[in-house]
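With these hints in hand, go ahead and build the complete structure from the sequences.
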Amino acid sequence: MMVLNDCADPEKVGCGFSTFKEVDEVTALIAELRRPDLLTSLVERNRDRFNFILSQYQDQHHLLDPYLEKILESLLSIIKDDDCPENVKHNTFKYLFIIMSVKTYKRIVTYLPHEVVDLLPVLRMLEKQDSNDVETWETRYVLLVWLSIISKIPFPLSRLETSENVDPEQTIIVRILKVCKLYCLLKDACAVAAVFLIANFLTRSDVKKLYLEEMIMWCSKCIEDDPLRHGPLAVIASILKHSAREDVKPYSQMLLDNMLKLRLSDNPADLIRKFGIKVVQRIGLILLKTKLASWRYQKTSRPINIIPNVKANDIDNTESITCIKKTISNDNEDQEIPPAIEDIIEQLIQGLRDKAITIRWSAAKGIGRITARLPVDLADDVLGFVLNLFSGRESDSAWHGGCLALAELGRRGLLLPHRLSDVIPVVLQALVFDEPRAYGSIGYLIRDAACYICWSFPRAYDPHVFERYVKEIAAMLLVVTCFDREINCRRAASAAFQENVGRQGNFPHGIDILTVADYFEVGVRSHTYLKISVQIAQYEEYTKPLIDHLVAKKVTHWDTAIRELSARSLFNLTVTDAHYMINTVLPTLLDMLNSIDLNVRHGAVLATAEILEALYNYFNDKIGCIIGATAVADIQDIVRTIRNRGQFKGLGGELMKQACSTLIKKCSVVHFPVHFTDIVDDWQKLLEECLSHEVSTVKLKAAEAHTNFFLEYYVNIDYDARSAIVNRYLESLQSSNQSIRIGFAQAIGHFPLFVIRERVKDIINSLITCTHISKNTLKWAESRKEALHSLTMILQTLGIDEADKWQPFVLDIYDCYLLALKEYTIDSRGDIGAWVREAAMIGLHIMTNLVSQAKLFSVLNEDLMTGIIGGIAQQAVERIDGIRAQAGTVFSALIHSDLPLTNIPYHDELKAIFPYNECKETIEWRMESATFPRFIKMLNFPPYKMNLLRGIIFSVGGLSESLVKYSSVSLFTYLQEIDEMGLRDLCEKILDIFEESHKNERMITSMLAFLDRLLSSGCIQSVLDDESNIISERILTLLKQEIKYFNNMKLLISSINVFCELLQVRGPVAKRAFCQLSIFLCHKYTSLRKTTAIRTYETLTLYGEEMDIAEEDLANILIKLNATDWEQPIADLRPIRNNLCELMKVPAPVLQIKSTN
1 MMVLNDCADP EKVGCGFSTF KEVDEVTALI AELRRPDLLT SLVERNRDRF NFILSQYQDQ
61 HHLLDPYLEK ILESLLSIIK DDDCPENVKH NTFKYLFIIM SVKTYKRIVT YLPHEVVDLL
121 PVLRMLEKQD SNDVETWETR YVLLVWLSII SKIPFPLSRL ETSENVDPEQ TIIVRILKVC
181 KLYCLLKDAC AVAAVFLIAN FLTRSDVKKL YLEEMIMWCS KCIEDDPLRH GPLAVIASIL
241 KHSAREDVKP YSQMLLDNML KLRLSDNPAD LIRKFGIKVV QRIGLILLKT KLASWRYQKT
301 SRPINIIPNV KANDIDNTES ITCIKKTISN DNEDQEIPPA IEDIIEQLIQ GLRDKAITIR
361 WSAAKGIGRI TARLPVDLAD DVLGFVLNLF SGRESDSAWH GGCLALAELG RRGLLLPHRL
421 SDVIPVVLQA LVFDEPRAYG SIGYLIRDAA CYICWSFPRA YDPHVFERYV KEIAAMLLVV
481 TCFDREINCR RAASAAFQEN VGRQGNFPHG IDILTVADYF EVGVRSHTYL KISVQIAQYE
541 EYTKPLIDHL VAKKVTHWDT AIRELSARSL FNLTVTDAHY MINTVLPTLL DMLNSIDLNV
601 RHGAVLATAE ILEALYNYFN DKIGCIIGAT AVADIQDIVR TIRNRGQFKG LGGELMKQAC
661 STLIKKCSVV HFPVHFTDIV DDWQKLLEEC LSHEVSTVKL KAAEAHTNFF LEYYVNIDYD
721 ARSAIVNRYL ESLQSSNQSI RIGFAQAIGH FPLFVIRERV KDIINSLITC THISKNTLKW
781 AESRKEALHS LTMILQTLGI DEADKWQPFV LDIYDCYLLA LKEYTIDSRG DIGAWVREAA
841 MIGLHIMTNL VSQAKLFSVL NEDLMTGIIG GIAQQAVERI DGIRAQAGTV FSALIHSDLP
901 LTNIPYHDEL KAIFPYNECK ETIEWRMESA TFPRFIKMLN FPPYKMNLLR GIIFSVGGLS
961 ESLVKYSSVS LFTYLQEIDE MGLRDLCEKI LDIFEESHKN ERMITSMLAF LDRLLSSGCI
1021 QSVLDDESNI ISERILTLLK QEIKYFNNMK LLISSINVFC ELLQVRGPVA KRAFCQLSIF
1081 LCHKYTSLRK TTAIRTYETL TLYGEEMDIA EEDLANILIK LNATDWEQPI ADLRPIRNNL
1141 CELMKVPAPV LQIKSTN
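Take the sequence shown: its position 84, counting from 1, is numbered 84 in our numbering, and each next residue is one higher.
Since the hints were derived computationally from the structure, they do not count as laboratory data.
Just so it is clear, the structure is predicted and the values come from calculations on it, not from any experiment.
Built from N, CA and C at the ideal position, the CB exists for glycine as well.
Keep in mind that the hints are not guaranteed to be accurate.
Listed below are the simulated DMTMM-like cross-link pairs for lysine to aspartate or glutamate, each with C-alpha atoms no more than 20 Å apart in a straight line [unchecked claim]:
1) Lys106 - Asp118
2) Lys911 - Glu921
3) Lys1044 - Glu996
4) Lys989 - Glu961
5) Lys178 - Asp206
6) Lys685 - Glu654
7) Lys1145 - Asp1113
8) Lys1071 - Asp1026
9) Lys761 - Glu802
10) Lys761 - Glu731
11) Lys152 - Asp188
12) Lys89 - Glu127
Label pairs and their calculated CB-CB ranges [unchecked claim]:
13) Glu86 - His62: 29 to 39 Å
14) Ala893 - Lys761: 24 to 34 Å
15) Lys920 - Thr697: 32 to 42 Å
16) Ala633 - Ile487: 35 to 45 Å
17) Asp815 - Gln1041: 28 to 38 Å
Quick look at the structure:
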C-alpha cells in the first residue's frame, strides 16, 4: 500500500529564507530604543535598519511568528513604562507600525494584549494624541488597531467605568465612538485603522443596541454634507461587512436610497466610488438569503486514486451520487427577490465600466456574489447584462470589467454550460482586443483579463462540457502566447494554456507545447515570434490560426516593431503551409496595399517581401511559376503605384521607403523578372532617394538592398551605363550635405564584388577623400565614420582572392585609418570623434589581418606597426569606456594574432604584460582597474611612450571619479618605481605634448588638470628640486603662453591651480608664479579673484615653510589674503595686491594701457 510522505525534500533550491536569522540584531535594536540620549541620526539609522531587516520577510512573514510574541512584548513594555519619554514612545510605535506593515494589521492585532486593564490606558493615550501632528501618525494608527482588539473584551463596558456618577457624554463607549468619528474623517492612514475599530466595536451587543443606528445616520449625514470625504462611506461598508445580517437589514433600503440619490458613480474621487460599490453590493447580500443557489454548475469531484485496488465502478458511483445531489432543489428557488436588487445590479454593471481597475474588480466580485444567491432566470439576465458590455459602443474599461465579471461567474459555477456558446466568442474577441490610441494602444488589460477567464474556466468545468470549445480556445491562447506585444499578456496566456492542459487534458499536443512555451520562454518577444511560433505551427491544428492572426492583426499593428517582427515570422511560417501562403495570404496582403491606413500598407509591403523570399527558398523555382503572373504584375508595380499616389511623401513616406527598400532587396534575391525594364529604373531612383533621406534607418535599409540589387540587375547591362550609376554614387561622397554623404557611403560599402573589381581605384580614393577634414566638413564626424566603415567593407568584399586589386592602396588606407585615430571632433552631443576612432580601429584590425593573410609582410614595417599598436594603446587608456573596450579587443587580437605579425616593437614584452589566456577570458577591457595598470607598463617602451602619455594625460585630467582614480594611481605608482633619468625623460615628453597641444582646448583642459594632480602628488618632487633642471621653468613658460589665448573661466581656474602648485619650487619659478597669481588677484571677474586668493592661501599654508620667504612676511601675506574682501572694486584691491608683492619680494604688475590709433 502506498504511503503519502509529508516530509520535506532533503535538498531544496530556492531564493527565500529558511529562518529569521537577524533576531539577535532586532533584539539589540529594540534595546537601543530605551536610550533617551541617543542622537537623532542614530535613532533614524536604527529605525531604517529595523525596517530593512523586516522588509526582507514581506513574502515570508510566517518566519517571524516564533519570535513575534517576544518582540512585541519588548516594544509594549516601553510603551507601558510611565517613566519613558514621549519621543521614545513615539519611536517605539514606529517600530510597531513597521511590524504591522510586514504582517498586516489584521494578523498582528491578535498578538497584541487585550485584557481589561489595557482598555483605559490605551484609550487615554489615544485621546492625548494630536490628530494634526504629521510626525506621530504611526502612534495613532497602532493605538487604533490595538483598541480594536481590546474593545472586544467579553464584559459590559459600563462595569469598567471609574465612578458610578459618570457623565453620559464621558462613558467609555461614547469616548471610543468620539475617537472613531474623529479619525475616520481624516485622510491619512489612521482612517483605515479607525474604520477597522468602528466595525469591530459596533459588533458588541451593548454597543450596537444603542449606537449602531446613530453611527449609520451620522455617516449618512457626513456623506451628504461632504461627498468628497470617503471615511464615512468606508465606515458604512465595514459595518455592513462585519455586523450581523439581522442587525443592519432594517437600514439597508435607506442606505441604498441614499447611495442612489448621491449618484456616487459620477463622483470624481476613486475612493468614493470604490466604497460606494462595496456598500451597494453588501446591501444586496443583506437583502438576499445567505444560502447559495442550487442550480450552480459544480465540477465533478474525482477522488485521488492512491490505492491500486479501487475499482472504476466506485468512481462512477461517486459521480452518480454527485449528480443526484445536484438535482435536489432547495428553498432558494422560492425566495422572493426584493425590487431593490435590480437597482443594485444596475449599479454594479455601471461599476464594471468604471475607469479605475480596483473599482471594476470590486464590482465584478459583487456581481459574482449576488448572482450566486439569485434564481436561475434572474442570474441568466445578469449574464446578459454582462455580455452587453462587449459591444463596439462600449469603452475599453467596460470590456475589461466584463472580462472580470465573466471570470467571477465562471469560477463560481454561475455560467451554465448551455451559455458557454454565447460567452466563448466574446472571450475569443477579448483575447486579441487591441485599439491604437495616441502614441500607444489600449487593450492589454482586456487581453490579460481574458486570459484570466481562460484560466478560470478549466477549474470550473468538466472536460466533456468544455470539449467543443477546446480547438478555438487552444489556438487563440497560443496566438496570444506567441504574438502579444506585452510580456504580461504572453505569460498570462501561457499560464492559462498550462492550466487547461493540466485540468482538461484534451488540448491537442498540450504537453509538447508547454515544454517550448512556458512562463520563462515567452519572456523575450522576438523569441516567441521567430522561434516558439515555428515550433507550435508544426502542429496542423495551430498552423492556420497563427498565420491568420499575423495577417489580420499583427501585420497591420500600430507598432512598427511588431509589423517588422510579424513579417519575419511569416517568413519562418511559410514552410509550414506554403500553398496557403500562395493562395490566401499573398492575395490578401496585395489587397491591403490599397488601404488608406499607413500601418496596413507598410506591414503589407514588408510581409509580401518576406513571403516572396520564403516561397522561393521553399520551392526553388522561378518566382513567376510559384506565385503566378497576376501576383508578379501586382508586386512589380508596387513602387510605381505608391509613388503615383504620393505616398512616399510626408511622415508616412519614411516608413514606406524603408518597406519598399526591403521589397527591392527581396525581389532581387528571388530573381524577380523585371530585367531591362523601366521597373529597374524606378527602383534605382527610389534607392537613391532613400540614400539622401535624413532618417538613418531609411538610408541603412536602402544601402543593404544594393548588394543583391546590383548583382541581379546590373551584371549584364552595358559597362558605360553601369559606370554612370557608380559615378553618381562617387560624386555624392563629395556632396555639401552630410546626410547625402552618409547614405551613399553606406551604399558603396554594400557594392557587390563585380562593381568593386571594375572601379576599385576610384572607389577607394573617393572614400579616403571623404574621410578628410576640411573647413566645411569640420563637424561631419558621422560621414567620416560611414566612409571608414565602407572602406573596411570594401576590403572585406575583395578579400584575399582579390589582393592584387587593393595592394597598391595599402599604405594610403593605413594612413587614412591612422589619421582617423587622431580625430576628436566635439559638438553638442559630446565627443562624436569617438565614432570615427572606433571605425578606424575596426578597419586597422581587418586590414592588418588581410595583409597578413595575403603574406604582404613587407608592408608591415616597424614604423607602421608602431603607429598601429601605439595608436590603439592610446585609445585603450582614454576616457570613453566603449572606446577602451573596442581598443582592448583589437589590441589583444593584434598581439596574439593567429598568423603572428612581424615587426611589432617589444612584441614578447607585450605578450608578457597581456597573456593570451587572460586577454581571452579574464580581462574586462571596459574596466579602468583592469586595464590601466597593464597599459602603464608600456611607458617603458620608447616607441609607444608618446601615444600612451597622450591617452593617460587625457584620462588623469578627466572628470569621472573612477577613471581619474585608477589612471592616476597607476601612473603615480609607475613614476615612483622608475629611476631619476627615466622620470626626467617622462616629464620632458609630457611638456612636449603640452607644447604640441597649443590652442587645442580639449587637450589643454586635460593637461592643466593633469599637471595640477601630478605636481601635487609629489612623484616628481626630485625633478622639481633639481636646480639644474628646467622642467618647472618650462611648465611656467608654456602655461603663461597658453593663457594669453583663452578667456574660458574653467581653463583660467585650472591654470591658477597649476601656478599655485609651482609655488613649491624653490628659486625664481615660484616668484614668477606668484607674480602671475597677483595679476589674477585684480582680474575683472570677481569669482576669479576670490578663487585665486583662496587657492594661494591654501598653497602658502601648505608649502610656505619651504619657500624662500621670511616667516613674518609669510604670516602677513596669509592674513591679508584671508582678511581681504576680494569682491571690492579693483581700484581698492590694487594697493593690497601690490603690498603682497612687496612682501613676496616680486615686482608688482603694471597696468598696460593699449594705444589707440
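Results of checking the hints against the structure:
A C-alpha spacing of about 19 Å is found between Lys106 and Asp118, which places the hinted pair at or below 20 Å, so the restraint holds. Under the criterion of a C-alpha separation no larger than 20 Å, the hint pairing Lys911 with Glu921 is consistent with the structure, at around 15 Å. Between Lys1044 and Glu996 the CA atoms are separated by roughly 16 Å; this keeps the pair inside 20 Å, and the hint holds. Pair hint Lys989 plus Glu961 does not hold up; C-alpha atoms about 26 Å apart against a cutoff of 20 Å.
Among the hinted pairs, Lys178 with Asp206 is consistent with the structure: their alpha-carbon atoms are about 17 Å apart, no more than 20 Å. Taken as a hint, the Lys685 and Glu654 pair is honoured in the structure, with Cα atoms around 15 Å apart against an allowance of 20 Å. Straight-line distance between C-alpha atoms of Lys1145 and Asp1113 comes to about 10 Å, which keeps the hinted pair within the 20 Å bound. The straight-line distance between the Cα atoms of Lys1071 and Asp1026 is roughly 17 Å, inside the 20 Å bound, and the hint therefore holds.
Simply put, Lys761 and Glu802 have alpha-carbon atoms about 13 Å apart, close enough for the 20 Å limit, and the pair holds. For the given pair, Lys761 sits about 14 Å from Glu731 by alpha-carbon distance, which is consistent with the 20 Å threshold. For the suggested pair Lys152 and Asp188, the alpha carbons sit about 25 Å apart, so the restraint of at most 20 Å is broken. Only pairs whose Cα atoms come within 20 Å are accepted, and Lys89 paired with Glu127 is accepted, the gap being roughly 15 Å.
The hinted range of 29 to 39 Å is satisfied by Glu86 and His62, whose Cβ atoms lie roughly 34 Å apart. Against the hinted window of 24 to 34 Å, the Cβ-Cβ separation of Ala893 and Lys761 comes to about 29 Å, which satisfies the hint. Checked against the hint of 32 to 42 Å, the pair Lys920 and Thr697 passes, with Cβ atoms roughly 35 Å apart. The hint said 35 to 45 Å for the Cβ distance between Ala633 and Ile487, and at roughly 42 Å that hint holds.
The hint said 28 to 38 Å for the Cβ distance between Asp815 and Gln1041, and at roughly 31 Å that hint holds.
The structure is inconsistent with the numbered hints 4, 11, although it conforms to all the rest.
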